[in-house]
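Protein chains: 4
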Amino acid sequence: MIDFKCDYSEGAHPKLLEKLTQTNLEQTAGYGEDPYCLKAARLIKDKCKRQDIDVHFFVGGTQANLTVIAAALRPHQGAITANTGHINVHESGAIESTGHKVLALPSLDGKLTARQIQTAYDDHFNDDTHEHMVQPKLVYISNPTEIGSIYSKAELVAISETCRKNDLILYMDGARLGYALCAEDNDVDLPTLAQLCDVFYIGATKIGALFGEALVICSQKLKEDFRYIIKQKGGMLAKGRLLGLQFIALFEDDLYFDIARHANKLAMLIKQACIQKGYGFLTPSSTNQQFPIMPNQVLKKLKESYEYAFWQKIDDTHSAVRFCTSWATDVNTVQQLISDIESVG
Amino acid sequence: MIDFKCDYSEGAHPKLLEKLTQTNLEQTAGYGEDPYCLKAARLIKDKCKRQDIDVHFFVGGTQANLTVIAAALRPHQGAITANTGHINVHESGAIESTGHKVLALPSLDGKLTARQIQTAYDDHFNDDTHEHMVQPKLVYISNPTEIGSIYSKAELVAISETCRKNDLILYMDGARLGYALCAEDNDVDLPTLAQLCDVFYIGATKIGALFGEALVICSQKLKEDFRYIIKQKGGMLAKGRLLGLQFIALFEDDLYFDIARHANKLAMLIKQACIQKGYGFLTPSSTNQQFPIMPNQVLKKLKESYEYAFWQKIDDTHSAVRFCTSWATDVNTVQQLISDIESVG
Amino acid sequence: MIDFKCDYSEGAHPKLLEKLTQTNLEQTAGYGEDPYCLKAARLIKDKCKRQDIDVHFFVGGTQANLTVIAAALRPHQGAITANTGHINVHESGAIESTGHKVLALPSLDGKLTARQIQTAYDDHFNDDTHEHMVQPKLVYISNPTEIGSIYSKAELVAISETCRKNDLILYMDGARLGYALCAEDNDVDLPTLAQLCDVFYIGATKIGALFGEALVICSQKLKEDFRYIIKQKGGMLAKGRLLGLQFIALFEDDLYFDIARHANKLAMLIKQACIQKGYGFLTPSSTNQQFPIMPNQVLKKLKESYEYAFWQKIDDTHSAVRFCTSWATDVNTVQQLISDIESVG
Amino acid sequence: MIDFKCDYSEGAHPKLLEKLTQTNLEQTAGYGEDPYCLKAARLIKDKCKRQDIDVHFFVGGTQANLTVIAAALRPHQGAITANTGHINVHESGAIESTGHKVLALPSLDGKLTARQIQTAYDDHFNDDTHEHMVQPKLVYISNPTEIGSIYSKAELVAISETCRKNDLILYMDGARLGYALCAEDNDVDLPTLAQLCDVFYIGATKIGALFGEALVICSQKLKEDFRYIIKQKGGMLAKGRLLGLQFIALFEDDLYFDIARHANKLAMLIKQACIQKGYGFLTPSSTNQQFPIMPNQVLKKLKESYEYAFWQKIDDTHSAVRFCTSWATDVNTVQQLISDIESVG
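Protein chains in written order, with our numbering: chain A, 4 to 348; chain B, 4 to 348; chain C, 4 to 348; chain D, 4 to 348.
Intra- or inter-copy, both count: the list cannot distinguish identical chains.
In silico DSSO-like links for lysine-lysine, alpha-carbon gap of 30 Å or less: (1) LYS42 - LYS306; (2) LYS168 - LYS224; (3) LYS8 - LYS226; (4) LYS42 - LYS18; (5) LYS42 - LYS224; (6) LYS316 - LYS168; (7) LYS168 - LYS226; (8) LYS8 - LYS42; (9) LYS156 - LYS224; (10) LYS316 - LYS304; (11) LYS156 - LYS168; (12) LYS268 - LYS303; (13) LYS156 - LYS52; (14) LYS306 - LYS8; (15) LYS48 - LYS18.
These are computed hints drawn from the structure, not numbers from a lab.
With the hints as constraints, model all of the structure from the sequences given.
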């Protein structure tokens, strides 16, 4: 069985493991205050072309999301998200667990628009009874989204302007950020994100690391006392250098982007095969996750050799599924999958 | 200006005030452990024809809702509600503030159906990743709903059976329960509710009291340590007898139902006038709240003499509004409103 | 049986009930936005000699405490209190329920000192691992304290200066504030409190009202969006005018202070009787609560005619108990108690 | 500089790293549902000689503590702990952040006694106003304690019996459990813990792992839906096998205990040197952490060559400090430290 089910099926890219092994016997301070975390933070600041940002490392994305949102909001404030947003559907109520409502807006492509955000904001404040409702205060977007689509620079600029005009905090969940930044139709880079977002994270668990998300805080007022809240929510790793070391390996020679490009390239091959076969998609994706809509009997056949993720039922005879590629995906296995897609059905 | 805006614009029905005045100088224990609270609880048990229920008194509905839900759920569990449910829209995130997600299902008439609940339950547990999602555990329904509709006995029996089959807790918000129980098309009574619900409350703030909601806990396992949680959430009134006394006045001679019938009757007059004029309604209501859809220019005219609540925009020239009646509404003012509805527009 | 157990055994001072009755049929807006609440707020601003304060009304003290603290603190911050503080012992964990640790400091007389606060602050920030500990941010004091003692102006000035120097929020729980302000050895008044505190409340549940605490917010940054949080925590009374009306009755002719003086005067008679009999006290109190330490066999005798509150065991033959007076306490019953104290034992 | 400051200064024991490297390219399911986690759980069940326990893996101890306590308690319940307990002082309010009060009892040696627990329980339930106070429900103990002492079997049996008699949940924080189980004066083993505790964890972050704590749930009613809550609190590692693999390496050949014995043996050498020099200790410790009380000028001298942790000021000229050993501590560096302790001062 070959696994296209997700992009975290293997361990880490060998260069990261090597780094951990080489430094294993060194003694360093704990809790992210070691030289490696400092160096990794410097590398990320350089990549973002901003030295006044704060960088914190997390083991996972849910932990990052709940910590950021709990740190940013007052009790009566909530987080706007697309209804497909990870915080709305796949974190077991992590955000609500910290006391905040997730304000879900409808979305077909996984993205929010500046207009939607402005309308949600206006609807709230124009209502006479707004003190009886949750106040929208933070806008959560994922890039790429949970269904593979990416934001253009123009879309992000519009969202960022809307947020600033209305004093809303813009937070980007970048669990798979590398794949977005390396997509063929992408026009966004890290310095742009560091200008447009108040806070975002550069995910690595799904791009080559054993685990690790680098949170970048750009907004001055979100920085204060942030480490207390990481600790309180259980997110402060004792041997914090494990995070710093992996991010050094990923960013000192742009390995992070190499991995993302590799995975995207293979995903495009799968996409093409599906297109040629006439299959539609849940939404267009130029990143490492592809969501083709295929006949159930084709899927049944493919299941004999491949693992993929069932996503949703489309009709009685068709389903949307997810095929993922990663740093560890081999071009030969992709070729094999493609040839099976071509021949089956 | 005559106020049809809400059903809590005045103080209390005079009989309740009288009761408070008569007993004012007596010394009693605090925190709901006085003889009047005990007597009121007994009256309610008798009305419900169940002696094994627990009765607790609250000052307001939001307080009751958040206390019940916090007491009933474990951290990963959420409350299913219609998207129009009070806990979803008008409690400033009170439920999320206690850590729980509100799981809103679409509804046009303010009600949930047994099938919707079953589907939500099945969708959750059939999902491979259900441990990554909030577990539905409590079903919150309002009767009458926030837009005036009521549940039939058949509907409640179906919902209750679905809840029991799936070990879901059924909670009815009865902020205006009296109006439902006294509606002309109602076939439900208190003993039936005490059989079908795990917990519900009999609201009085909107039916004649200065304030007060009597929570009825029917399910054995929801009873344990409930008073601790009332206290913790700030809901334990020091001079608790004020609640007991008002409920005695409301229930010892069925004043509660007299008030509800009076208000419903006047609301039906308003409803008829709207129907005759050809106005539609947001949803059919046989209770004290009417939500006619009227031309904006008619509404503008009525606004010169009456207060009503704007509810929602229907189109560029029409809006849905709310007219409320209460114990304090006079038949003459209603006649005047009706004649104005007839003559305007 | 004559009740000296607490100061909330009766209903309201007759003038308050009268006010409620007179206005009962008027129609007003709900949720504290009526003319009576506005007028009561103006009266309190005048008494405080500050027009730039915000006044909000609560039904009870626990509700006020948890709302203020939840509104004021970020997740990692806690509230310093004397170990005897109400929030530490008698609110069923209401503060922790909103996510915040109560940082209790030892106190024999129920009071905190400026030095204790400074030391707690320094101990935190001087610790290398302070990010692993709860950050002290709010100082909670009660005046009078839970055991009847009061703060002098000099003590409050020192505490206030310490708080301002260290950017700590000073919050005074004034559940029985009137008794403190009218104590014979008091040198503090409302304008002083409005200068020294960031936020405090003027309690009335225990000084003549059916219920009611008037929260005064002096600090600009605590004012923002406060009503959202009142609503979220279940503390927004639908018929809010009931609070406004009672505070008008208490403050338009200084009835609040008359009541407090009356109760204090009677308490001093009880105190004198105990002193003459040679009984010690848990702590010196010049307010309406007296905590004499008496032989158990004397207490047993008194119990035949009077209710008092057991407070704590002192040794095998002595206990500290509480005698309370209130607006409703009659001088004759106090004389009777005194004569029994003199004759028993 | 040689680091005796803590036991998590290095990476992992080489055998663990090796295991991670060997399996790096394998594809497995995520979130702890892979074959390695299953195998590690089986190994731990075997070591505990109970097959009916549940085993869950965490990245860190604070995460484990807050998840267990949030999963176990209802809103009004709190956790009893020694005042030195990690949850009381060094988790930034993690427990309170989930809504629960930490009920700290005084302790000089870091331990609780069965009698203390019984008294705290009785004091609560004997109080007339117990519904106004936090209900004790879970007992948190650390073994070894935060200051190195360990529980005897007799002490644990007494505590366990007290808990069961009063329906209290017994939870042992085993961040350094191996060091306790391998101490020369220890008479407890894993099967005993699995009988006496309701839930405990076997810590590895401080005993040879990169990170990892194996939580063992013995009590049936704590097992339900536990994975939801791990996910909600951000504690579910995507590549969960990293935890399973490390615990396999630690338990398949008893490496865990070898490491603990090694560290303890070296710690005993340091202890002896201090005793011979006439230094006292904060509390007697037979585990890898030693807390000698030494003259400040001796400490100053040692600081030139060694890192240790300052613990607390004893008087103007003496301080208690912590020396830690671990799997990575070399006997030669310990000999060097000892000889310096002997020669200095």
